[in-house]
Amino acid sequence: KQEVTQIPAALSVPEGENLVLNCSFTDSAIYNLQWFRQDPGKGLTSLLLIQSSQREQTSGRLNASLDKSSGRSTLYIAASQPGDSATYLCAVVGYGGSQGNLIFGKGTKLSVKP
Amino acid sequence: DAGVTQSPTHLIKTRGQQVTLRCSPISGHKSVSWYQQVLGQGPQFIFQYYEKEERGRGNFPDRFSARQFPNYSSELNVNALLLGDSALYLCASSLDGSPRWEQYFGPGTRLTVT
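Just so you know, the protein sequences line up as chains W and X, in that order. Going left to right, the first sequence walks through residues 418 to 531 as this note's numbering numbers them. Going left to right, the second sequence walks through residues 24 to 137 as this note's numbering numbers them.
These are calculated hints, taken from the structure and not from any lab test. Incorrect hints may appear among the rest.
[As the list claims (entries may be wrong)] The list that follows gives simulated cross-link-like pairs (lysine-lysine, DSSO-like), each with its CA atoms no further than 27 Å apart: (1) W:Lys418 <-> W:Lys526; (2) W:Lys530 <-> W:Lys485; (3) W:Lys523 <-> W:Lys485; (4) W:Lys418 <-> W:Lys530; (5) X:Lys53 <-> W:Lys459; (6) X:Lys75 <-> W:Lys523.
[Stated by the list, open to error] If you only want the chain W side, here are some residues facing chain X, beta carbon under 10 Å, derived: (7) Gln468; (8) Ser502; (9) Ala503; (10) Phe521; (11) Val529.
Bear in mind the structure is a predicted one, so any value in this text is a computation, not a measurement. Where is the CB? At the ideal position from N, CA and C, for every residue including glycine.
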């Protein structure tokens, strides 16, 4: 059974710092991995999608990497800003079961202090 | 273009009652999935629908049911509500439900059961 873990559960950094959020998954048989942002009480905003054949994806100050063989992904945020404060969730789509359903970690709650 | 829309935004129900939540996918998307997110956890998969047919079901009791209409909108029904059903219910849409495609989430419906 696929399990997704995110470390740390919470992170507080001063504005301007570069930071890395970690995601690990137990079964490497995945179609893709997706990173989301969630503001308190709100829905999920898709940040980056990495297909299983890809190693990384970039969007603005965000860079996500995928190492399928080791079951790990990282989300790198450059020059963090207070507006980046939110919970970041990673999710994988695995083989078998209901294709297309995302399996989520519990998220990392990021706080960027001015 | 409008994103995924959900209604209502908030809902308060009493134990034992029934509730219906609604979702409209992004224009052109034919697959809708439902997720339940309890406080402090990542979303959990409930159902996936494509072309009005159920494609997958998560580990939820039969009190949960859903359907998809010819215009690809969807309803999630929950009968005999329990306190533990209190959660944020999220709807996601994708092109055809294939695991290749990115999933886009709506703002969610906050259900409180008292």
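Here is how each hint holds up against the structure:
1. About 25 Å separates the Cα atoms of Lys418 (chain W) and Lys526 (chain W), which keeps this hinted pair within 27 Å; it holds.
2. For a cut-off of 27 Å, the pair hint linking Lys530 (chain W) to Lys485 (chain W) is broken: about 33 Å separates their Cα positions.
3. With a C-alpha separation of about 20 Å, the suggested pair Lys523 (chain W) and Lys485 (chain W) falls inside the 27 Å cut-off, and the hint holds.
4. Straight-line distance between C-alpha atoms of Lys418 (chain W) and Lys530 (chain W) comes to about 38 Å, which puts the hinted pair past the 27 Å bound.
5. Between Lys53 (chain X) and Lys459 (chain W) the alpha-carbon distance is near 23 Å, which keeps this suggested pair within the 27 Å criterion.
6. Among the hinted pairs, Lys75 (chain X) with Lys523 (chain W) is inconsistent with the structure: their alpha-carbon atoms are about 30 Å apart, more than 27 Å.
7. The restraint placing Gln468 (chain W) at the interface with chain X holds, with a minimum CB-CB distance near 7 Å, inside the 10 Å limit.
8. Proximity of Ser502 (chain W) to chain X is violated relative to the hint, the smallest CB-CB distance being about 17 Å (cut-off 10 Å).
9. For Ala503 (chain W), the suggested interface contact is broken, since its CB lies about 14 Å from the closest CB of chain X, more than 10 Å.
10. Checking Phe521 (chain W) against chain X: minimum C-beta separation of about 3 Å stays under 10 Å; hint holds.
11. The interface hint given for Val529 (chain W) is broken, as the beta carbon of that residue sits about 21 Å from the closest beta carbon of chain X, more than 10 Å.
Violation of the numbered hints given earlier is confined to hints 2, 4, 6, 8, 9 and 11; the remaining hints are satisfied by the structure.
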